[in-house]
Amino acid sequence: MSVKPTVQLENVTKIIGKKTIINNISFDIYPGEVFGFLGPNGAGKTTTIRMLVGLIKPTSGKIHICCFDVRKQFVQAMQRLGSIVENPELYKYLSGRENLQMFARMLPDVDEERIQEVIDLVDLTARIDDQVRTYSLGMRQRLGIAQALLGRPDVLILDEPTNGLDPMGIKDLRLFIRKLVDETGLSVLVSSHILSEIELLADRVAIMTHGKIVKVGSVSDLVGALSAGVDWRVSDSFRALAILQESPHVQAAELYDDHTVHTLMDESKTSILNEALMKAGIEVWTIERKVQTLEDLFISLTGGDHIV
Amino acid sequence: MSNPNMVGLIRNEVMKIASKKRLAVVGVILVILVSMFTYAQYREIQEKIEKQGTLDWRVELQQEIVDRQNRLASSGIQDEFRQFLEFDLKQKQYYLDNDINPNYPGAPTFIRIFLSQGVTLVLPLFIIIIMADIVSGEYNDGTIKTLLSRPVKRWRILMAKWLTVLLYTSMVMAATVIVCYGISGIVLGYDGWTAPILTGFQASASGEFATEYIHTLPMWKYLLMSAGLAWVVTAVVGTISLMISVLVKNTATGIGAMMAVLIAGTLLSSIGSSWTSSKYLVNLNFDLINYLEGQAPPIEGMSLPFSLTVLGVWTAGCLAVAFWNFTQKDMY
Ligand SMILES: Nc1ncnc2c1ncn2[C@@H]1O[C@H](COP(=O)(O)OP(=O)(O)OP(=O)(O)O)[C@@H](O)[C@H]1O
Ligand SMILES: [Mg+2]
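Chains as they are written, first to last, in this note's numbering: chain A, 1 to 308; chain W, 1001 to 1332.
Chain A with its partners taken away, still in its complex shape (with noise of 0.2 Å):
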């Protein structure tokens, strides 16, 4: 591949005391791509995002941004890096105007030309001259992704960008994502502990759990795989699921109530059960697929059978 990676992860652990909070971690992002991080509370986002911007060394391992290590070669790095760590951290006592301005001072090449065209970009033009402190959640939000994009970065990282923010809110930011990375080519990196917000967002995923990183591929690869699980609302629950265990279809089923069970099954066999289920004279009263959870995807992609 003739395209160079604008984020490279190599080799990279922290270890904080005697706890590794980061385990041997490995992957790259590669321009025009958002790349979903996702990860259980704890997992380790934060610490990882942490040492892509410079706040923390890494015990062994490189981090290279558009090329450029982040420890040898910081200020280079990070002229090509935007982001925003945990919560918009912003001087609440100065207007939204003055903050960027700030920081704006401390990056090469932006002027207030610069400046009022990030505003008009995150479309906080009626509150700038405000004072941060009077601010919801989300024009927080948008003053941060404003603040990470001042520098025309190559690289915009996000860490859990939608905590707080409705659903009309992170459908918003969803398509701003889009539209950026349509328009600009650079790359995103998000974090979240929410699949159906990454699965909506991003085109690779890379799934952390105890500071290791477990899996590393496309959503749709990441979906697909996944057996779903669906829930049996029946008249006869125990003679149901004599049924659903045998069917080859089925990777495990669970008696939850009298006329309830759960399976983690094939979903596109759905219809086959059913008919089976009728032909022994059970009324099925209804058929559901369950949201998935991360925790469902943790459990397929660690190989535990076990059912919630």
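No wet-lab data here; the hints were simulated from the structure. All of these numbers come straight from a predicted model, not from anything done at the bench. Treat the hints with care, as some may be off.
Stated by the list, open to error - Derived lysine-lysine pairs resembling DSS-like cross-links, with alpha carbons at most 27 Å apart: (1) A/K57 / A/K18; (2) W/K1249 / A/K92; (3) W/K1021 / A/K92; (4) A/K62 / A/K72; (5) A/K92 / W/K1153; (6) A/K72 / W/K1153; (7) A/K171 / A/K290; (8) W/K1249 / A/K18; (9) W/K1329 / A/K62; (10) A/K92 / W/K1329; (11) A/K57 / W/K1329; (12) A/K62 / W/K1153; (13) A/K215 / A/K18; (14) A/K4 / A/K62; (15) W/K1329 / A/K212; (16) W/K1051 / W/K1092; (17) W/K1249 / A/K19; (18) W/K1329 / W/K1249; (19) A/K72 / W/K1329; (20) W/K1020 / A/K92; (21) A/K57 / W/K1249; (22) A/K19 / W/K1329; (23) A/K212 / A/K57; (24) W/K1153 / A/K57; (25) A/K18 / W/K1329.
Said to hold, decoys possible - Derived, one-sided and incomplete: chain A residues facing chain W with beta-carbon distance under 8 Å: (26) N87; (27) Y91; (28) L107.
Just so you know, even glycine gets a beta-carbon here, dropped at the ideal spot from N, CA and C.
Got chain A; can you put chain W with the ligands on it based on the hints?
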């Protein structure tokens, strides 16, 4: 290379401090303090006029000399205090013999006294209030993460913060002089810039009064020297606060630590001289104006060059610790 430049970084720091309420608080404290002192002075003058009928400084000085003599004659005073009184007595006598008023009435004299009294506590307090959260505030607000992931090396960010400390030190000094002059002048009058004042009194090694270095200075020159020395002390205190601000994430704890340093200094220097190696402590060397006035130093062997050296060494040490810590540590 011009952008991001140091001037821009300093502008950022100045802007952060200027938009907090602390600066206004310091301004208000300064005005209140100076007004109170001015009123106290005014009452004192009124009282003297009532008692003596006139306001003759020679009479007043003579009375003070007699008072010192009486106290010296009484039994049971400590050796150290006796030395202090003798020295003071001889200084006053010298002023009287040379027909120079040590407290020429007017705003410049007020400034002189305010600087001399304020150098060990009030001025350092101001810089502490303004500067205590210059780094720890960024930890508390979480803005340190945004600040340190910009394409600017960490040492340059801290350098900008230190230069801002020096800038605000100068502003505190300027504000103090201006406010003192403006307010006290209402009561005391605005002249006296050229009144002569004596400096260069020295205690010889044996603690005796020596006259060979005594010379007169015009008030404005003397004030310039006082303000310069006060600037040095305030800047040193500001630098120590900067270090504590880097090391201690909690601003209130930082202010507490700095106050302890200041108060311990005043206490130790008044307790006396038995612990001679305490002269190497930074907080025992804050009273630089003392050397100008020619009072006996708190501990034998201390002199202006000695104190400046001690302050210099401590400042360099604090800067080294602050820079090393700030550039090396992981930011969570
Ligand atoms: N300063 C620290 N000292 C010790 N352990 C830490 C420190 N910071 C983080 N950790 C630990 O590192 C692990 C990963 O934390 P991290 O914040 O990277 O998780 P995360 O994936 O971002 O989780 P979340 O979704 O909750 O934000 C956690 O177990 C946490 O307790
Ligand atoms: Mg996190």
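Evaluated hints:
no.	hint	verdict
1	A/K57 / A/K18	holds, 16 Å
2	W/K1249 / A/K92	holds, 19 Å
3	W/K1021 / A/K92	holds, 13 Å
4	A/K62 / A/K72	holds, 10 Å
5	A/K92 / W/K1153	holds, 24 Å
6	A/K72 / W/K1153	holds, 11 Å
7	A/K171 / A/K290	holds, 22 Å
8	W/K1249 / A/K18	holds, 23 Å
9	W/K1329 / A/K62	holds, 18 Å
10	A/K92 / W/K1329	holds, 25 Å
11	A/K57 / W/K1329	holds, 8 Å
12	A/K62 / W/K1153	holds, 19 Å
13	A/K215 / A/K18	holds, 26 Å
14	A/K4 / A/K62	holds, 16 Å
15	W/K1329 / A/K212	holds, 24 Å
16	W/K1051 / W/K1092	holds, 21 Å
17	W/K1249 / A/K19	holds, 23 Å
18	W/K1329 / W/K1249	holds, 13 Å
19	A/K72 / W/K1329	holds, 16 Å
20	W/K1020 / A/K92	holds, 10 Å
21	A/K57 / W/K1249	holds, 20 Å
22	A/K19 / W/K1329	holds, 18 Å
23	A/K212 / A/K57	holds, 18 Å
24	W/K1153 / A/K57	holds, 14 Å
25	A/K18 / W/K1329	holds, 17 Å
26	N87	holds, 7 Å
27	Y91	holds, 6 Å
28	L107	holds, 6 Å
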